[in-house]
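Trainee: Okay, here's what each chain looks like letter by letter:
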Amino acid sequence: MKQRPGFILLQTILICLLFSVSSQASTPTHGPDFTGAKTLQDSVQILRKHYRSRSTAEKIASFPGRLIYIPLRYTTKTLSWTVAYVDETRLIQRVEDIITSEDGLKGLEPTYASRTGAGITAYWKKFATPQSEVNMTVSAGQFFRQRYRIQAEDIELLRSKLLLDLSLNYHMYPNERFYGVGANSEKSGLSLYSIEQSKFSGAFSFQINKYSKLGIKPEYEVSNVMESPDTAHPTMVEMYTNIPGMTVKSKLVSVGFELGVDTRDHPGRTTSGKTMDISYGFYKNLGDTRYNFQKANIDLTHTQHIIHRRTLVLRIAGEMTREYDNGTIPFYYLSELGSTETIRGFERGRLRDRDMMLVSAEYRYPVWRNWERAGADFFLFMDAGQVSHDLYSSKGLLENSSFFKDFRQGFGFGLRVWNEDDLLFRTMAGWSKDGWRLYLTLN
Amino acid sequence: MKYRTLIILFLIIAQPLCTFAREVVWYTPPAQVPDDRRSVPKPKFCAAPNDFASGFENQFIKQGDQMVDLARQYRHLVDNPKEAYNVNAFGEVENSSWFTNRNTESPMTPEEIRKGVTTGNGPATDGLWTVIRAKAEGVTPGFAIRDNRGDQYFIKFDPIGFSEQNSGADVVSSRLFYAAGYFTPENYIVSFDPDILTLGGDVSFTDDQGWKREMTLADLKAMLERVEVQDDGTVRAMASKYIEGEVLGPFSYRGIREDDFNDFIPHEHRRELRGLYVFSAWLNHIDAKDANSMDSYVVRGDRKYVQHFMMDFGTTLGSGGRGPQPIYRGHENEFDPHAFLFRILTFGLYSPAWERDNEVKFPSIGRYESKHFQPEKFKTIFPNPTFENMTPRDAYWGVKMVMSFADDQLDAAVEAGEYSDPDAAEYLATVLKKRRDITGKYWFKKLPPLDNFILEHQEENIELQFDDLYTKAGFAKQTDAEYRYEIFFNLKPTGEPKIVKEFHSIPIELSSVNWDNQDENQLCIRIQAKHRSSEKWSAPLDIYVDASDKTEEWQLLGVERWWK
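Which chain is which? The protein sequence lines are W and E, in order. Start counting the first sequence at 18; every next residue gets the next number (the working numbering). Start counting the second sequence at 265; every next residue gets the next number (the working numbering).
Source of the hints: derived by calculation from the structure; they are not laboratory data. Bear in mind the structure is a predicted one, so any value in this text is a computation, not a measurement. Glycine residues also receive a C-beta, built at the ideal position from the N, C-alpha and C atoms. Hints are supplied without guarantee of correctness; some may be wrong.
Said to hold, decoys possible - The calculated SDA-like cross-link candidates involving lysine to any residue, where the alpha carbons are at most 25 Å apart (straight line), are: (1) E:625 / W:390; (2) W:76 / E:337; (3) W:291 / W:244; (4) E:643 / W:386; (5) E:399 / W:104; (6) W:76 / E:327; (7) W:94 / E:329.
Said to hold, decoys possible - A few chain W positions that, by computed beta-carbon distances, are all more than 10 Å from chain E: (8) 163; (9) 303; (10) 386.
Unchecked claim - Short, incomplete list of chain E residues facing chain W, as computed with Cβ under 8 Å: (11) 310; (12) 314; (13) 332; (14) 726.
Kindly generate the complete structure, drawing on both the sequences and the hints.
Mentor: The following block contains the structure:
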């Protein structure tokens, strides 16, 4: 192989420099020569020339590395200045002071979720009773995704035994994804639709004890499914026919019954405890019987502390949706799997059908707990689940021939930053047969 | 062409091997470092760097700088780090505006240790204290006062529930820092009646929300509500007297102060700052950063120069400032990318022993223990660039400083902390002693612990006498110690290596020396030690002697200490 003379020269220079660097290191730096120094200042300036932090040879030897590092250095330097500015000017405290009331009961906080986009929540705690809170959230994202919500929570009635929640919700998601119905829907079946929903609900819940709540939730909603303005993929109408709920405006009323149990030690950084949510909803189309259906759901989570703040979170969930009175189920009310709440690694609503089953295991271990009352956990997870037209048939799960065959899995890892009361930030990467997906959640 | 590449590769590989050979060389003592306590014009005041920005800079920017510094990486690769600039031929630091050899040079009495740099009894509590400056941020407030004698002090309090913790740690550590040789402010434990506080005029105050305004009596009252009141109604605090001279802001652990003409050695290459790592590890001084230092333009006789002070020891020993030191402190940086990545990649299977031990024995002491202490693995909150430059020789200098403290001296330092619970005080003294011994054992194994060399001239021979610091500290019996030595005259060995047992002296027989007809003759005695027969020999230590004149007394030229 013929080498270029320039390259050889460069090699030789580098070797000489490294030898030079190394040989300087073994002996202590010798003192300066004061010859020619007439004044103290002269002598000190001579000293400076001799006691340099790095010799010329070292500087030259390090030059290639420093050259590569320059852009990163100035980026981090700018960040450092920003950090200093924000801290020196007390910008965060001042903004917080401006956006929160003197007593801390009223204020604003930023939010982010992949579905709703970035937003801001205005809250007012203890607005009516000691536990109550009213908040308003405005969020927006790509393709003019938007969501507005006003809710009043935990208004205590009857000496705090009964709690009232009121909620008014509007959202417009212009490019929701639909892959068809059934366990065998394919990624290639992607189509888009637009959905606009307004909901009003008023829920009463009864605090059975410290951990359990029983509630009833009447709800009224108007849904309008339209064609998506996003032309990147075919619309739902172009891809599918006879899907209930497609391009139709509907008005539904529903009554839901809920039982919630929560025995977690800390909501933000749970090391042990269980949550159980059981709900049943009865939905009726106003005016006709097009969309008459009922929905039952059970969701159990158990957090097991293994050792030294390592925890295993096990979850099992199931959902069943059934028609009644010759009604049908609008596709957006079918049970679904995909995204952060179910199988991570799949797109939201990637799998839909009448029934759903989900199992999930998440192993969390601390990687950083250097803040007071806050920290970060890394986690590995495995989600698996299935949708089916009739999963919970009278034959039973195991006799259902497609039960194991149609199980879909997602695997991945992520990082969650928490404080005692809340999960502040979560990012994760999930892999499924559809590929990798990244998720990010703030507040 | 292939051969050329092979030669280059060989040179690269051979270089480390050459470094490890540690040949005896013709020794040239380093030139004396000029005194940096000469009169200089007053430098400008520099404000303390922002805590977050400085942490960010030390954690990310400087780490990145070091990572891409090929010369530095190469030095690490060949285990040939850059030595400190301000050392004499025996690896010692001369007295300077940074450091004065105190306990290592002549042991202080326990009373001197207990007193430290203090010149009185602290602020006068028989008159009013006028608040002249205040700090409301943070969990524990603090303010500056002027007492009726006109002296100014900064008053710091203990966090609620941890009475004596911050104040005790601050005072005990300041005594030890001073005894070691660093300059510290005068720190006192005081108990005062809150009613003696009055508010001075125009006291600037930054409130919790970050707004700067004039302080009011309500603010003062609110601050005092956040401190613990003792049973007799008084409040215990630490009073730190304002540093003498004109303060110029903190020094940096890296670089120099450009307008101080005495500041000619980059701070990251000063032995007293590099060796401070060992001392900081011992005292769990996790917050060794620029902001916890101070330069002051002082007057000494007819000279005016900048003196460098260490201060703010409230987060040393077991005190974390807001309560006990968090469990990870001293073991990991605030954000430790190595630990972070290591934990991720080990899937939580790795859990260090210190992480599993959550015991705080005494609230007044906080989390300070010796069970999990590893002196070489100590970490400050954010990486300190000077500590990262520490070489084994710097560490040896530092460990001599740590080992210079005798048990009664440590008891005296703890006494200065005025702990009300004798058990807590005893616990602190015990942990200090245990950590001192762990530090000594570790570093004295790494480098040959032989020191204080003297040439004793006799009729026929010359004897090289020395101290074995390992046996002196009681880590091994003198009867078990063995020393292997080899004598080189003008770089040539004078015979086979010999072994002496027990005694701290090596005879040099003049008859064995083959005199050359040279103007300059140099003798090198290479010594290795071991303290148990099962042990391996220590790394070598070369003592150079000027033997130019046969008839005149020989002089020790210097020492080169190697490490394992």
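Trainee: Now tell me, hint by hint, if it's right for this structure.
Mentor: Hint by hint, here is what the structure shows:
1. E:625 / W:390: holds (21 Å)
2. W:76 / E:337: Holds, at about 13 Å.
3. W:291 / W:244: violated (42 Å)
4. E:643 / W:386: With Cα atoms ~16 Å apart, residue 643 (chain E) and residue 386 (chain W) stay inside 25 Å; holds.
5. E:399 / W:104: Answer holds: residue 399 (chain E) to residue 104 (chain W) is near 15 Å, not above 25 Å.
6. W:76 / E:327: holds (17 Å)
7. W:94 / E:329: Holds, at about 12 Å.
8. 163: Non-interface label on residue 163 (chain W) holds, nearest chain E Cβ at 33 Å vs cutoff 10 Å.
9. 303: Holds, since 51 Å exceeds 10 Å.
10. 386: violated (7 Å)
11. 310: With a closest approach of 14 Å, the residue 310 (chain E) hint is violated.
12. 314: holds (4 Å)
13. 332: holds (3 Å)
14. 726: violated (26 Å)
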